Structure formats: structure tokens, C-alpha cells
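A.B. asks: Dock chain one against chain two, each of which comes alone in its own frame, and use the hints as you go.
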Amino acid sequence: MGERRLPFEGIRVCDFTWFAAGPIATKMLADHGAEVIKIESMTRFDRLRFVQPVPEDKAGNLNCGGFFNNFNSSKLSMVLNLTHPKAVEIATRLILTSDIVVENFSPRVMERLELTYERFVRLKPDLIWVDQPMQGLSGPHKYYAGYGALITPLGGLAHLTGFPHRPPIGTGTNYTDYVINCGHLFIAIVTALRHRHRTGRGQHIVMSQLESAVSVMETAILDYTVNGRAHFRDGNRLPYAAPHGAYRCKGEDRDCVYITAHGPTPGRKNDRWCVIAVFNDEEWRAFCRVIGDPPWTKDAKFATMLSRKENEEELDRLVEEWTRERSPEEVMLLMQQAGVPAGVVQDAEDMLVHDPHMRARGYYVYLDHPEAGHTAYDGIPFRLSTTPGQLRRPAPRMGEHTDFVCKEILGMSEEEINQCYVEGVFE
Amino acid sequence: MERRETALGDIRVLDLADEKGLYCTKILADLGADVIKIEKPGGDRARFIGPFYHDEPEPEKSLYWFQFNSNKRSITLNLETADGQEIVKKLVEKADIMVETFPPGHLDGMGLGYPVLRGINPSLILTSITPFGQTGPYKDFKASDIVGQAMGGIMYLAGFPEDPPNRLYGSQAYHMASVQAACGTLTALYIREMTGEGQHVDVSMQEAVSIAQETAMQTYDLRREIRRRTAVSGLAPAHPGMGTFECKDGYVNIFMLTGLWLILLDWMESEGMAGDIREKHREVLQKLDDLFFIFGLAMNREAYDRFLKEEYAPVDEHLKAFLKSHTKQELYDGAQQRRLQLSMVSTIEDLLENPQLEALGYFVHVEHPELGASLKYPGVPYHLSETPCRIRERAPLVGEHNFEIYERELGFSKEELILLKQGGVI
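Protein chains in written order, with my numbering: chain A, 19 to 445; chain B, 1377 to 1802.
Excised from the complex, chain B in its bound form (with noise of 0.2 Å):
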């Protein structure tokens, strides 16, 4: 596909992003914009994140790299020198975006400044993805996805009380960083179509995760009560039927709404998995029906307790063998025929193997041709449908595109080339 069928395709991007900000010109170069990954020569730190190709330690192997950076170029620059600073500046003269994670006043250490940068060109929007922000007293503290979460408040909503707070997998804390810096950077240019000027996004790791607190800064706010991890989704007070369960092939998540045992009770005896439930236990499926019953539990554990242990215990057991009865997919679906709020808990293989993912046409293959393979990735959360996003070409190889934008565009002679770098500056 052309370029110019996509919604950036007229749009050129500086990248000097590590891996807070890899995922946002990602999402930029999915979208059609042309990035330029401006790597250090002998390769971006990211190359050496793993896993690898076939477990193959190489630069040109990481599938960390390969994830971040399809749809980019690469071109090598050493931007410690002042010959890289000035190509810098040669390129910010053709950029529309720059999207960089240095610390706070690193690029006006190399003469590189946002005034700087302006002056060169006044359109340019100059995104920077720092821990903290470009301001406050935090704004020199370092930080890695971990500190990102912890800081920003949602580690402490997850895990078991009594176990450390947990870390989301998958580094969400630059996910976050990088989601809410496009967000910036694309009302940025949006405003600059009226106004023919750019400007300075400055994203901080930790507010841009501060929402996905959910509800605990509200609540502290109007109740002076702090949420903490419970092994539940902390939003609803415990009640039965709700959370984590294990099934035959795995695990399930259910979320019983009050209205919806009759249902569920009516699925498990017509397999004849519900014993004597309903003669029997009748009543205490009415109580899990009451919606006023259920709050009043939540909030006295004594009386929670109690239910447990003498009401619902025998309801408990047949809906644990119930669901240890069946696969995670057979009670998916089951649950989703009789509007039961239950889904499964993904594996990896289980998102390979889902069908609506397959049949959205979710996962994409890319060439590789170094490799002489075709690699099946995750594709991209959304559809335009005048201007498709996706996955064009796998990522960059180190220095890739240097002869296309040194030589061809920025007009090196072969012996200047030469000179830089032996210099070490390409």
C-alpha cells in the first residue's frame, strides 16, 4: 500500500524514542507517517531486549525490536558529536514531529533544544516522553516501567493483599506513556492544519497512568478511604460467584449479576450437575438474587463469612465441579448463549486459536526476507476504513535507509559519507 492512502502519509517523524516511547511512533508509523528511527551507530539499545529469533541473541533478531518498530526507517547517528548535531538540525527542516525520551534538558545540553528546534522550523512538534515530565521536583528521577506503575498508582491495585503489589506484564506503564503522547502529538498536528505552528508535548510516565487507578483516587477524595489489591477486581465488593475460577483446561472469570442464577442453575441441571440444589438450597439462590442482600454482605464480614460457610457452601461446591466439569471455551460460549457474564481467561495460545480474532483477520504475517520467514504479529487496534492502518514492512535494519536519506535526500557526497563515518558519527 502507498503511503499516501493512509491517514500520516504525508507526515514525516524524528525518532528518538527509547522504549517509553517506541510503541508511540509505532502507533504513528502504523497510521502512515513516514518514521525515521535515528539509532546510535552499531544499534538502538532495544535491539539487545529479548526474546530473539529463534532464541539467536542478534541485533537484527530481537522480536522486542520487531514489535516496536515495523513501518519505520533507520538511519545511524551519533548524536554526541557536533557533525550529528548538525544533521539533526538538517533533518528537523523537512520533520513535521519529533517524538524524544532524554532527560529533561539533555537535548538543550547538545544545542538542541526545543527554542532551538523551532527556530529551525517552526511547524515542528516536538514530543518528549519523559518519567516524570519536563518540570517538578521529580522531573531528574530515573525511571523503568516498573517505577512507572508504582508510581503513577495502579501497581498497588493488583495482587493479593497479602503479597507484594503486582506489576502488570508487558511494560503498560510505557504503553500508557506512549498511548497518551500520540494522543498530544495528534492534537497537535490537528491544531497546527489552523495554525500552521507546532509545539512542545510534554508526557509524564506517571500522569499518563494516574486514571487507570479506576476508582481509588475518587474514593479517597469523597471517602477518605483508600483502595487497595484484593485478588478480585477491587471495583465490586466481593460477593459469591464473582472472580477467578478454575475450569477443566484452566481458569475462567465470571462476574454474577444478581437476576442470573436461576440461569446458570438451569444450565447445571440439564447436565445434571446441580444435585439438590434446588430443593434444597432454593433460598440461598434467592438471597444471591437480591441485590440489597449482596451489598449488605459485602460490607459485613462476619455476616459474609457466615453465608459462606452455612448457606452458600453446598451451592459453592457443585458450581466448582460444575466448572472444573467443562473447557474454558465450553463454558465462553455457554455462559455468552444465556448472557452470563463469564470470559475466559486468555493463554497465549488461546488468543492464536480465538476465533472472532480470526475471523476480524487480527494477526498479520510479515516478511522477513533476512530471515527467509514470514512472521505471524499481533495487529493494530483499530479500522479507518478511508485510510487502513497496518503493518506494512517489518522493521528496520540497522542503518538501513542510510545511503536513501543521507545521500539521496541530504545531498552527501560518498567522501563526506566516508569522513562521518569514520568519525564515528554514522
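Only chain A is shown next, with the shape it has when bound in the complex (with noise of 0.2 Å):
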């Protein structure tokens, strides 16, 4: 093919989604060429266009939000307050136009709707319906409500995370949001939209956060059918590696802003770390060789993989002494260049600005939006070599393409649309 196209470029879709793990899928949708017309209202617009971090000078502007522009580039912003039955009838009109619909309401909201896969698909035949409710479509907790924040714990991860003498805090983010539930949810989608190319027929596809979440948790399943052992949160350890952990670094000789529990915090930027992790001989050799090959490491109590897992407590400690006379990028580079696995536990100023390989790539991209100015977003996660995806637009500001969708997609006159705005329906 001599031009370049994006992959899914003509299909339509029609985005009921907010928050985080339904509104991902569809800017990954997005960003590789669908037309994803995100729906709100003003009384029910996505509840992340107002959780910071908002830029200092725009606090309340809804449209400035990092957390919810971040998940929505590429994308067109439709105004419809769905309380109004006009509303209800141009979202049935936009309905049938589109290629996929997806929503990750209660059940409960759809339902009073009336819009439900089983009316659609009578109508047309060959559309991919996208359910993304948090516990499922069916079942005693059909109507349990939560969000990333309770799923995560609800899910098992939490339990099994952070150190074994601490309470199951989860993993400080609403975790399962942000790859899991919504890469699962578009692999469905994209899996739906091939098999719809070849065989005309649209489908169902229910993903409930839940089992969606419990689907990452490895081995844990398993072990308690199979054997009964009940897993428990180890920290930083692995049954089969040692050293393997995050150890304290140098910090660094200049002045930061941490937030904590209690908002912004000045200090100095030292909480900085490194991981390592050895996994055999040949590894641990070359550890020891970085670190200068101190006494301790030819102690009996350190020469077999055994003899550390026994030791871990003493050799963790040990490792610490040598890395807190370090930065994390020294610790890393010198490690990396022996062959053992390490890397600095990095945070975001790391990630976004100082990160020379991440730099290199390219990943971070910044937009100009026309209220939140010239601001950073995650990049694409996956490259494909002929038809890579890009990010084509910032973040929509609320109901910036309202109408654009009634006058170009719906066909709707002048005189209609006015007639709407005066009625609320655009509200």
C-alpha cells in the first residue's frame, strides 16, 4: 500500500465511557484513527475533568485537567443530557451510525435508558456493543458499585502487595484501571472488529473489572486450588532471587516538591532508590565484582542462592551500605554494565524529564490545548512499524464538537440544532 493510514480509520464509535479503564480503550482507539465521539453531560461529564493535577492558575477550569486530558486525546467531546428524551433519540441517531458503542455505567443507568445491546442489535445487526460494568451484567452484585479504587482491593492484588508486616494499603493508584481493564477491553473490541471485517456480524462483549482484574493475578489461583497454600504479601522478595529489592540511594543536592498525604510538601529531592535483582551465580558473582568485591561476599552465609534466601535480611542490609554512597543512576549503570539486572526506581520528574532512554524514544508527547496550553501526555504504547498510531488532537474541551457531530454526522439543520440548545438537550 503507497500511503500510510491509520488502522482504524472509518470506524465510528460511540463513547458512553468516563473515568479511567473505559475512556483508555478508546483513546488507544482513537489514537490509531477511530472517530470516538465522547458523550457528557454537564451535570454527569466525566468526574476526572475535576481531580487534580490542575495547572496553579486554572483550578475549576474543567477542561485543564491532566488526569482526565491524559485519557481522552484524539477524541471528539459531545454535550447530551441524557435526562432529556430529545437527548435520548439523537444518542439512539448517533447509536445506529456507529461502529461500537461502549459504556461503563452501573447497569442500572443503561437499563433506565433503554439503551441496551438487545434493542440495538435488531436494529443493526452488525454493531459491536461494549459493556464495561464493574462486577458484570448479571449476578447478586450486578449492582455493586466502586471504581478502580475498590476494585484493585476487591480484585486480590492488594492483599498480596507491600511488605508482610504492613496492612494490604493496594499499590497507592487505582491500579487496574489504567493497562489491564482497558488493554483488555480493547483487545476484545479490535478481536470483535476483525471478525465483523471478515464476517459482517457484530456481537456482544461484557468485561467486568472484576474478572478482568483477577485474570493478572499469576500463580496465586493455582496454588490455593491445587495445593491449598494461601499466598501472602512478601515485599519486595521472590521465592527464587537474592539480592532482589528497591535499596536506598544518595539523594540528590537540590530542593523538590513531594506530595504526601498532606498535599505539597517542600524538601529536598532524597527519596531515591535503586532495584537489583540476582537471580543465579553468574549474576551475583558479577554483583560482587561491582562492589568491589568486599569480605562479606565471600562469607559461607552468601555463596549459594540458599545460603542468601536464609541470609536476605542481613544481605539487604549489607547491599544498602554500598548504594546509599550512590546515586540510583550510578548504582544502575554500573550494574547494568555487568550484566545484573537493576534500574532506578524512578519517579515522574525522572520519567518525564531526566530519563535519557526514554528521551531517546520519544514516548512523552506534548499537545497545545487551547486552555491547558502546551502539557505532556503518555504516548503510544505499542509501535507498529508501517501504521503507527500517534495522538492526533489534545483532549476535546467539553462539548467542543456538539456540533459538528449534529450538522456533519446526524445531518441535523441549523433550526434543529438552536431548537436543542434552547430545550437543554446540549446541556
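Each hint can be trusted.
Where chain B lies over chain A, by a calculated footprint (3+ residues, C-beta under 8 Å): (1) 144 to 158; (2) 184 to 194; (3) 201 to 209; (4) 222 to 229; (5) 257 to 266; (6) 356 to 370; (7) 373 to 382.
Keeping only pairs whose Cα atoms sit at most 27 Å apart, straight-line, the calculated DSS-like set for lysine-lysine is: (8) 1518(B) / 268(A); (9) 1656(B) / 1700(B); (10) 1465(B) / 1515(B); (11) 327(A) / 1437(B); (12) 268(A) / 287(A); (13) 1752(B) / 160(A); (14) 1518(B) / 327(A).
Please keep in mind that the hints were generated in silico from the structure rather than gathered at the bench.
The structure presented is a predicted model; accordingly, all values stated were derived computationally and were not measured.
Idealized CB from N, CA, C, for every residue including glycine.
C.D. replies: Dropping the structure here:
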């Protein structure tokens, strides 16, 4: 093929999703060419719009939130007040011109609005209808409320993450939202698109966020069902590696602002760590060489993997004596040059600004947003050699494309559109 | 179920992936693709990762292997031999996708780089999953899961501020790299329908993880502030009634939003566990229900500590006693009936007993004839009405499909196979 095109050009997505797990999936479609129309209302707007971070001088501006904007690049935004019957009618028309419909409300909402697969499959058999409820469209907990903050503990990950003497506080983020649940959803959608291309038939995708979250519990479930062994959280350790953990390194000689549980807190940039992972004797010998073969490394307590595991606490202390004197970057580079897996525990500044590798690959993308300004976005997480995705536009301002969708896609007249404004359909 | 009833029943995948990519090819296999796992003679390294069936550490009993290789077929092949490389080329002729996790340049060194493979089969999609991608100054760095989590920025956000950052359980960097790789592979497969051409998909584990930093990157970009681990969700400022709490038989996670405190109070009172809160501390609850008060509090450490000590303490005491008097299941169900944001912190036992997962038929039994056992597995993450995704068969034995593929499909004679076996090729 002579000219490059984006993979999903010509595919229209009617997107009712909000928060993260849905919008990231539709962002991936949009960044690869799909025309994604995000539907919100002035009262039921995507709640991420008012969550921090917002630039200092833009407090309260719903178009400037970095959380929202990062997950909604390349999309169009339409405002529809779905409590108005005319709005439901417009949504219905839009659905009938779309290839894919995605929603992640509680099942109650779409049932009430009668926006369901069962109704639309009769009208448009090639439609791909995607529901991403918290816990499924059937079952005793179908209506249970929740979002990422609750799904991560409910799905089992929080119980197994962290140090054993600590309560199971989880991952520090609403983890499953950002790659696992949106990624699984994207996989299901693209699979259905290919099937439709080959057969002309649409289908109904249901991805419960709970099932998706439990699917990445590695061997914890099999070990329990097969061996009756209940895993417990074990910090940074692995049964078959030592040393294996995060070790404190030398801080930087400069000021910074950390966000603690109590908001922004000025301090020194001294919370710096490096991970080191030694899986076998060869890596152990290389590790010892790097730290200058101090006498303790010759001790029988650390001669074999078994003995290192047995004396792991002491080992970790000794490793840290060495790392404390060095920056995490220095530790990483010295270890990597010797073939020992190691990496800086990077904070967001390290990732966005300093990491020479991320910069060389140009992962983060800066886009000019009419209100938020020149701001950074996560780039494309998989690189296709001939049809790579691209962030085509910054996130849309709320309702930025309402007129466009009405006119160009639905063919509504100026008069009809104005009447809708008067009646509060676009609020 | 026949493969052709599935979404990818017509697709063949050559799986040369290690732990970083095993979940990617499992995703494709569970969607119906014919995934051929290429193992080194004697068995893939992942077979030696525990836990093991009945704690017997043998290559055919690794639960790690079982978990990530359902629905795949297996052949043994030594890629370091010239014969092995020729066989890969033969397999590539009829393959749609190859997934590999070698260090960048390693395939080229074996004469199996993307340009060569494309020459053999222009419609082949080659997906490469590596710690840091195919280009850039760190491309040759070694990394296990913990390095991916650290370099990708998510580990820094997990844990108590006074502890080292926490690695997330269950090789999440590998899972994320695999999920992103499956996304890229299927996108390439979709566009191939139109163009007939394959392409090379480059996945860096570090980049695959990045977006899971939640708001950390944007927080630095927009405000020059660095998010760090806070022992609660770092997303919202800390406020009373938020975080992980002990109950009778474990923990629950609570996110008390403003406007809900009186509902909680009603619940506690209905069980006689609210003491004198309503008469004496009503004002405190009103403050807790006031969004502006809570946000103001969160930004002022001194005011926060004073509020906790001087005003909130009695409420806190009763709330904790109330939680301690209930099981996590009682709290979870009771809170959901009242629309309070509370979930249990599930242990693995809890997941197996979760009535919702049971009702959805999430867990599935998979036959292992060699073990004389049917094992209970976690199921698949999504339901596709027309092209069901499911675990049909257990993971393959070492070289289980050598005969099927080498003799029946590639047409090697018995004599040739004996030679290849003696040469350490298969």
C-alpha cells in the first residue's frame, strides 16, 4: 500500500465511558484512527475532569485537568443531557451511525435509558456493543458500586502487595484501571472488529472489571486451588532471587516538592532508590565484582542462592550500605554494565524529564491545548512499524464538537440544533 | 469447542516468548489462535518456575507454566543450530504472528531478523517485547519484572513513605507489557485485513507501564510536584474515613465521600454502636460532609492533625470498633446496600468464595489427564457473544506436538527426525 493510514480509520465509536478503564481503551482506538465521540453532560461529566492535577492558575477549569486530558486525546466531545427525551433520541441516532458503542455505567443507568444491546442488535446487527460494568451484567453483585480504588483490593492484588508486617494498603493507585482493564477491553474490541470485517456480524462484549482484575493474579489462584496454599504479601522478595529489592541511594543536592498525604510538601530530592535483582550465581559474582568484592561477599552465608535466601535480611542491609553512597543512576549503570538487572525507582520527574532513554525514544508527547496550554501526554504504548498510532489532537474541551456531530454526522439543520440548545438538550 | 468458532481460529502464532510475553500469547491462544510454543529441547525455562503441582518441582508440574500456556501447542527446537533456524523459516511460511522477547538484535544474529522473516512471509506480524524496546541507549539493559516496575514509575507510588517502594504482586510489569503487546498485535492484524501486509510491533516494558502512574506524570508536568507513596491512594488528599481498615476477619478498603457520613451514622446507630456521636459530635460529622472543609484540611498538616486529635477522635473510635465487630463480607454487603464506597480486601480464599465470580462462572476446571486431575483455573477477562474466549485445553507437555507438526505438517521423515534429535535440534 502506497500511503500510510491509521488502522482504525473509518471506524466510528459512540463512547459513553467515563473515569479511566473505559476512556483509555477508546483513547487507544482514537490514537489509531477511530472517530471517537465522547458523550458527557454538564451535570454528569467525566469526573476525572475535576480531579487534580490542574495548573495553578486554572483551578476549577474542567478543560484543564491533566488526569482527564491524558486519557482523552484524539477524541471528539459532545454534550448530551440524557435526562431529556430528545437527547436520548439523538444518542439513539448516533448509535445507529456508529460501528462500536462503549459504556461503563452501572447496569442500572443504561437499563433505565433503554440503551442496551438487546434493543440495538435488532436495529443494527453489525453493531459491536461493549459493556464494561464493575462486576458484570448478571449475578448477585451486578448493581454493586465501585471504581478502580475498590476493584484493586476486591480483585486480590492489594492483599498480596506490600510488606508482610504492614496492612494491605494496595498499590498507591487505582492500578487495574490504567493498563489491565482498558487493555483487556481494547483487545476484545479489536478482536470483534476483525471478526466483523470477515463475517459482517457484530457482537456483544461484556467485560466485568472484577473478572479482568482477577485475571492478572498470576499463580496465586492455582496454588490455592491445587495445593491449598494461600499466598501472603512478601514485600519486594521473590522465592528464587536474592538480592532482590529496592535499595536506598544517595539523594540529590537540590530542592523539590513532594506530594505527601497532606498535599504538596517542599523538601530535598532525597527519596531515591534503585532495584537490583540477582537470579543466579553468575549474576551474583558480577554483582560482587561491581561492589568491589568486599570481604563479606566471601562469607559462607552468601555463597549460594539458598544461603543468600536464608540470610536475606542481612544481605539487604549490606547491599544498602553500598548503594547509599551512590546515586540510583550510578548503581543502575554499574550493575547493567556488569550484566546484573537493575533499575532506578523512577519518579515522574525522572521519567518525564531526565531518563535519557525515554527521551531518545520520544515516548511522551507534548500537545498544545487551547486552555491547558503546552502539556505532556502519555504516548503510544506499542509501536507499529508501518501504521504507527499518533496523538492526533489534545483532549477535547467539554462539548467542543457538539455542533460538528449534529451537523456533519447526524445531518441536523441549524434550526433543529438551536431548538435543542433552547430546550436544554445540550446541557 | 472447535477453533473456527473462535475469533482467531484462522490465525497461527509462533511463540518464542519468555516470561515477559507469555501472557500475550495466552491472550491470543484463549481467543482461539493456534499458538505454537517453541521450547528449547528439555523444556522452556518457565517450566522451572514454581509453584508446582503438589510441590513436586518437575517441568511437567509447574503451575506457572500451566497458568500462562493454556490452549497452546508445544514443539522443541534448538534455535542456536542452523537446522533449527531453517525449521523456524519453514514455520514462518505458514504463520501469521511471531511473538519474541530476545534482546534487540538477537534474532538478526541468528539470521532470523525481521527483514529476513518478511522476505519469507510479507504478511507476518512480528511482535517484539523487550524491557526497553528496540532502540535507545538502554535497549540492551537487562530487566526482570521488578526493574520494569521501577523504571516505569509505578513502584515509586506504592507503599508507606518510610519504607522502600513496593513491587506490585504477580509480575505486573510482565502482564502490562504482554497486554500492550496483544493490543499492538491485534491492531496490526486488523489493518492486515485491509493491506495484506504484516509489520513489526515494538513493545517496551518500561513504556507499557508508564500510563499506570495514574496522575504522577501530569502532576509533575502541570505543577512541578512529585507524587510519592503515601500509604493510601495518593490520588485524593488524605481525609478521615479513607484507606484500609481492620475488621473482624481481615481488612476493608473505605473511601468515605462527603455527604455519606450520616448514612454511615444511621447504620452504626441501628446496631447501637454509635455511642453519643449524634448528640455530642454532630458538628464533626457536618464538617466531614463538607467538601470545602475536607479539601482545606487536607492541605494543612497542622490543622489536619488538630482536627484528628481534638474533634474526630471519638468518631474514629466508634467507627473502628464498629468495623472490628463485623466481618469483611458483612461490611461489604451492608455498605453496598447503603451506597457507601467500601470493598473488602479479598484474600485468595475470598476470591474463590466470591458469589459474584461464582455466578459469572469465572473459575473453570481444566483436565490434566497425566496428573489424573481436574484443576480449577482463573478464567478469562472478557465475554464475546459470537466468538467465545475460553480455556479449552491444559498447557502442552514438552514437545507434545513434535510429531504433529514436524512429521505431519512439515513433512519430515522418521529418519530425518532421528537425525535432528541426535543433533540436539529438537
